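S.K.: Okay, here's what each chain looks like letter by letter:
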Amino acid sequence: MLLVGELVHLTVTGVLIASLLALAAVGLSLSFGVARFANVAHPDFMMVGAYATFAYNVGLGLAFPAAAALGIASALAIGVAVAWLAFDRLPVTGNVQLLIVSIGVSFILRHVALLIFGASPAQFAVPLQRPWVWGPVRLTANQIVTLAVAGGLVLAVHLLLSRTRLGRILRAMADSPALCQVSGVDTGRSRLLMWAIAVLLGAVAGVLFGLNLVLQPNMGWDLIILIFAATILGGIGSPYGALAGSLVLGITLEWSTLVIPFQYKEMLAFGAMALCLMFRPRGLFGGR
Amino acid sequence: MTMNRRQILGTAAGAAAAMVGERAWLRAAWAQPGEPLRIGVLTPLTGGGALYGTAMSRTYALLAEEINASTASGGPGIGGKAIQLFVEDTQTNPDAGVRGARKLVDVNKVHAIVGTWSSAVTLAVAPICVQARIPLFCVSSSPAITTFKDDDFLYRTSTSQSFWSGVFFLAAKKLNARTAGIMILNNPYGLGLGDTFAERFTKAGGKVTGRVVYNPNQPSYRSEIQQALGGKPDVILFAGYTPDGIQIFKEWFQLGLGGTWMGPGFAFSPQFIQSIGAQAAEGTVVVEASPRQDSSAYRNVQKLYKGATGQDADVFVSMAYDHLMIASMSVLAARGDVAGEAIKAQIRKVSNPPGKVVGTWAEAAPAIRGGDTVNYEGASGSCDFDEAGDVFTDFGLYRIKAGTWALDQTIAAAEVKSL
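Sequence order for the protein chains is A and B.
The opening position of the first sequence corresponds to residue 1 in our numbering, with each subsequent residue numbered one higher.
The opening position of the second sequence corresponds to residue 1001 in our numbering, with each subsequent residue numbered one higher.
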């Protein structure tokens, strides 16, 4: 009984982590599929969203929902502008070159945040909450909001990709950009919309992260390995896979603490990832 | 030569007429009066210690400014000698720390280095200082710093971890705790403190109900917290830093599990309390070297730091103040000799008893100039260095009440030493 309670607690924690990872990983996967390079600066869009919200919420004293809406909108503007300038406009081609550019972008974004907001952990002006307790499950209202928003957005991305014209174009671009172009698709514009979706998901993840935990200029960077792992595990370029990858990673991360000390939990989680990839080298949902 | 000195003394031009007599004294007795005291400020401005290192760096600048503007020693600065700071970033990383120290020693030719924070950085930088024959003042707490062969050039204003674990053991005893949980950061400080505490605690008949070693920068600590609190211990020892502490406490409160935490003051800092809110911090036990709130040194650093930043001076800010005060007093006591050996020879004379108790430049400078023996009582503690360059200070056991530390009991240095 004690073990069941513990397992439930660990699972809930794992799902909470996964919900944050998934939002970032889905965006990363999408951008990898379409733009065809690993955007190292992607997790920093989380940080931009969180700090933009912080500026409205704490700096200007707006209520949190309004600040979050404005913060996400501002992050969208900043993020898309940065992605367009650095990844679409620079006369740089090749995945490796763009990867290096994205590392540079990541440094710039973090250091600008450091310059403006300082290194100290920051918080939204949102009071701490006491949890609702259902047996071993303990969740606060904000955590339930987090799960709902993350679930809702992942579903929205699914609908967008499967049911809309833009979704068809993005999937087509992921398959063959050249074929897309000769079919008369405005690939530049579609790429821009893809960046918007990716940045939006990242910024929302950042705001939710800040709501539950704390803001630091390195907050995105610290998660980079987990986010990339979730993306790879799910199958690079597959948004559904990113969701599945996040869940597998988040839950194994927590479950592993039943058998090994906490400080080694990443080891088992990444071991599980390696094992998955041995049997499905293109990831859980890869292999298109 | 005269021109040089005039340039250095330039800031005091207005007061020059009143100081003709003073200058004569300086000219007669001082070695190289014009050469500034060059101090290397080597703190973490980025990385894990950035929070504290930036505050420390700021403090050195504030105190240097105060001393440079003061004429308490008979001339501006240290008897006409300006303090010049050279700032480098250790990035909380030994490699970067060594690069910074080399630059300070080779290019800037500093006379002392102050501010190394992490023990790993201090131990990497110390050999460079010993080789250059200049003092190094640090705030690190690893026991290895006590035994390091430093030719007496390495000083610290924080107590060693081996001392800290005794302090926490006594704190648990004073709280009548029979069971303890421990939640420790996975680094030499966390493991050193957590495990030596556990050893003392179990040897004295206590029981450790849960031990969790956590890695920093996790997306969640919910499971770690649950585990550490699993056996409902009387007290939970937290051996981490402020940034991870904020996140852990936020999640702990939102789990609604209860329990009494105790931890070091540099983790449960005013910024920590402000971040998690007075409600979540209420009742938490803070163990810290009694920051001499009654000392003139503390009052002065609080005035300087709060005036500049609006924030309270924490223990690292206090230590930074103490470093530069001791270095400056030593140079004054050495009659302006800035050579590392000369500074070193004065450090214990100005900071240990006996002597007139001083805490600010305004108090210390005239006394030293007048030939008095002084005993510096610092902002972070009494700053009485033993043969190894270590300090032993009294500690306070505080409880967080309505957002501030309220002193509950004291833990005397003698009590810890007799364990």
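The set of hints was computed from the structure by calculation and includes no laboratory data.
Remember, predicted model here, so these are calculated numbers, not experimental data.
Incorrect hints may have been included.
[Claimed, not checked] Label pairs and their calculated CB-CB ranges:
no.: 1; chain 1: B; residue 1: Asp1106; chain 2: A; residue 2: Thr93; range: 27 to 35 Å
no.: 2; chain 1: A; residue 1: Trp84; chain 2: B; residue 2: Arg1133; range: 55 to 63 Å
no.: 3; chain 1: A; residue 1: Leu277; chain 2: B; residue 2: Asn1217; range: 42 to 50 Å
[Unchecked claim] Derived list of chain B stretches under chain A, where covered just means 3 residues or more per stretch with a C-beta under 8 Å from a C-beta of chain A:
no.: 4; stretch: 1046 to 1058
no.: 5; stretch: 1090 to 1103
no.: 6; stretch: 1344 to 1354
no.: 7; stretch: 1381 to 1391
Beta carbons are placed, not taken as given, at the ideal position from N, Cα and C, and that holds for glycine.
S.K.: Now, for every hint given, state plainly whether the structure supports it.
M.R.: Each hint tested on the structure:
Separated by about 43 Å at the C-beta atoms, aspartate 1106 of chain B and threonine 93 of chain A break the suggested range of 27 to 35 Å. Evaluation of the 55 to 63 Å hint for tryptophan 84 of chain A and arginine 1133 of chain B yields a pass: the beta carbon distance comes to about 56 Å. The hint said 42 to 50 Å for the Cβ distance between leucine 277 of chain A and asparagine 1217 of chain B, and at roughly 25 Å that hint is violated. With 4 residues carrying a beta carbon less than 8 Å from a beta carbon of chain A, the stretch 1046 to 1058 of chain B meets the three-residue requirement, and the given coverage holds.
Remark: the stretch 1090 to 1103 of chain B is not confirmed as covered by chain A, as 0 of its residues place a Cβ nearer than 8 Å to a Cβ of that chain, below the required three. Check on the stretch 1344 to 1354 of chain B: 0 of its residues sit with their Cβ under 8 Å from a Cβ of chain A, so the three-residue criterion for coverage is violated. Against chain A, the stretch 1381 to 1391 of chain B contributes 0 residues with a C-beta closer than 8 Å to a partner C-beta. That does not satisfy the three-residue criterion, and the hint is violated.
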